[in-house]
Amino acid sequence: MNLEVKIGKMTMKNPVTTASGTFGYGSEYAEFVDLNLLGAVTVKGISLEPREGNPPPRIYETPCGMLNSIGLQNVGLKNFLDEKLPYLKGFDTRIIVNILGNTIDEYCELSSALDGKVDAIELNVSCPNVKKGGVLFSNNNDMLRTLIKEVRTTVKTSTVIVKLSPASADIVMQARICEEVGIDAVSMINTIPAMAIDIHSRRPRLSNIIGGLSGPAIRPIGVRMVWETHRAINIPIIAMGGIMTAEDAMEYILAGATAVAIGTANFVKPTVTLDIIEGMKKYMLIHGIDDINSLIGGLIC
Amino acid sequence: MEVIDNREITDNVFILRLELTENALKPEPGQFYLLRPDSGYDPLLGRPFSAFRWNNDWIEFLIRKTGRGTALLSTFRPGDHIRILGPLGRSFPPHSPHKTPVVLAGGIGMASVYSLTLKHKAEHIFIYGAKSATELLLTEDIRPRVRELYLCTDDGSMGFQGNVVEFFTEFLKKTSSHSIVVYACGPEKMTKSLMEILKKYNIESYLSLEERMACGLGACMGCAKDTKTGMKRVCMEGPVFNIEEL
Ligand SMILES: Cc1cc2nc3c(=O)[nH]c(=O)nc-3n(C[C@H](O)[C@H](O)[C@H](O)COP(=O)(O)OP(=O)(O)OC[C@H]3O[C@@H](n4cnc5c(N)ncnc54)[C@H](O)[C@@H]3O)c2cc1C
Ligand SMILES: Cc1cc2nc3c(=O)[nH]c(=O)nc-3n(C[C@H](O)[C@H](O)[C@H](O)COP(=O)(O)O)c2cc1C
Ligand code: FES
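So the sequences go chain by chain: X and L.
If you want our numbering, it's the 1-based position in the first sequence plus 30.
If you want our numbering, it's the 1-based position in the second sequence plus 5.
Simulated from the structure, these hints should not be mistaken for lab results.
There may be inaccurate statements among the hints.
Coverage of chain L stretches by chain X, computed from C-beta distances (three or more under 8 Å per stretch; other residues unrestricted) [to be verified]:
(1) 43 to 57
(2) 207 to 219
(3) 227 to 233
Where is the CB? At the ideal position from N, CA and C, for every residue including glycine.
Take the sequences, apply the hints, and build the full model.
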């Protein structure tokens with residue numbers, strides 16, 4: 031049975047990775063998950079300098095989902111390279127590093143510092159461009175194109191993935207732009223902007239007022255977006271959004287994903303990534319499938 | 006883990022006893038667990054609860070119903086299964102033999118500091134407050150385990166009329182602040198006003214703080230609290246903090 035998939039130059043032993051921001055830097059879950067068994071580990075978004083993030087409260091649970099406004103708290107590039115990366119290198123798994131910047135230059139500096147040291151660089155483009163008055167890169171196709179072109183020319187060795195936001199006006203168009211520019215793969219979906227109110231105090235549930243919705247509540251939206259995107263592009267898709275079980279992962283693969291990332295589910299059950307890999311094998315066995323690649327985009331309609 | 010027992014002790018507080026497997030790590034006072042039903046996605050995330058009492062075979066949690074998650078946990082019956090993750094976080098550090106440990110518990114915060122009295126026999130001064138007498142829990146169980154027990158109620162229906170911090174302020178007038186070490190857990194309001202006094206008198210103290218949590222493992226950064234040295238995760242660097250960090 032073959033579970034191996036290819037994302038750009040990166041070969042994953044199975045299609046399962048972790049969603050950025052939900053698995054720390056890998057070590058936090060090592061007590062529960064043998065990291066060697068994962069197709070890849072995707073780490074928390076890294077910025078040039080460490081970030082403190084937003085004030086609490088930062089999370090709030092909603093029906094079958096959760097809001098977060100962590101504010102991209104992270105250890106920064108230097109600490110990541112000195113401490114977190116050497117740890118991850120000790121495992122036989124692929125390393126995907128999610129990055130975020132305030133300017134195109136910052137993304138390029140991060141990319142060139144990581145190029146060749148990690149298997150893949152995933153650009154979180156749902157960040158405000160400070161030079162353009164804080165407009166999200168993901169909200170403007172021209173800005174997005176300029177950004178990812180620059181990063182594309184900067185990165186020579188590692189695979190480049192662009193993480194798309196479900197809040198952008200046209201996610202399919204953005205995936206097309208990625209393909210045109212020569213990006214290796216897209217990942218989708220990031221969290222969906224959302225909010226909740228405490229009606230008694232009349233205050234927002236999160237200090238940042240707006241947060242990102244994740245978890246099973248968003249899965250059908252993710253599946254729809256992956257399916258629409260898969261029909262429009264030929265580069266691989268890493269799918270995420272509410273995957274809790276192997277069945278959920280298979281749904282995304284049939285919709286057109288080459289790999290899947292597990293996010294919020296890690297909070298619900300720390301060993302869930304391994305359960306999902308085993309469950310996918312079982313599905314293949316039951317359906318007599320030899321190669322997972324034969325199922326990608328296998329939706330019959 | 007299997008539910009062994011679930012007992013209501015007041016209208017909205019219950020003690021949930023869960024089986025502990027043989028090789029399960031035992032908690033230290035102040036540590037906590039994330040609890041959630043074994044199936045379903047609503048509620049989704051585990052809820053944090055302090056280790057209340059335990060032995061080799063079981064662990065108990067003292068839980069107050071405040072919302073959906075706790076209301077659901079209150080319905081679990083013997084034989085049902087609950088997913089638990091823990092022990093998590095940092096515990097209350099042991100005190101120096103030269104100092105008298107003073108425990109301050111406000112409301113359900115008692116759950117987190119109660120186990121201190123199990124480890125060190127009858128040497129604690131225990132100050133415990135709640136809104137009214139009916140909300141002061143297990144006082145007769147605590148009494149023989151501590152050197153002195155002081156009860157406070159906001160409405161004066163039992164013990165000192167006023168809150169724990171008001172009582173403690175009076176208590177300090179008769180006590181040398183350098184001869185005691187304080188262990189405290191209570192609602193945010195209590196912690197805030199308590200901190201002012203503890204800092205003013207420069208008392209060695211350890212406070213257990215609360216924040217909403219998702220992973221409990223230091224991965225999601227959801228439970229951050231602002232400290233002197235930046236954002237700290239309540240699930241990893243806490244829930245017990247040395248007051249010097251705050
Ligand atoms: C380290 C730690 C130890 C705790 N130990 C105990 C314990 O031993 N016994 C006990 O009864 N409670 C304890 N709590 C509080 C308990 O976790 C919350 O009451 C519980 O999560 C509420 O869940 P819910 O679904 O019922 O409430 P929700 O419906 O989610 O919310 C109801 C109310 O509870 C508050 N709340 C929600 N989550 C938390 C949280 N993580 N911390 C504090 N308040 C919260 C909300 O702000 C709201 O006011 C502890 C909290 C922490 C962080
Ligand atoms: C607490 C938390 C932190 C996150 N941090 C990041 C991040 O740093 N960078 C990023 O690109 N996405 C981040 N995400 C989004 C996830 O990677 C993922 O796209 C999203 O949660 C949907 O998947 P899920 O429903 O399986 O969680 C975060 C999500 C959560 C819940
Ligand atoms: S709950 Fe995730 S870091 Fe503390």
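*Which of the stated hints cannot be reconciled with the structure, identified by number in ascending sequence?*
Those not satisfied: there are none.
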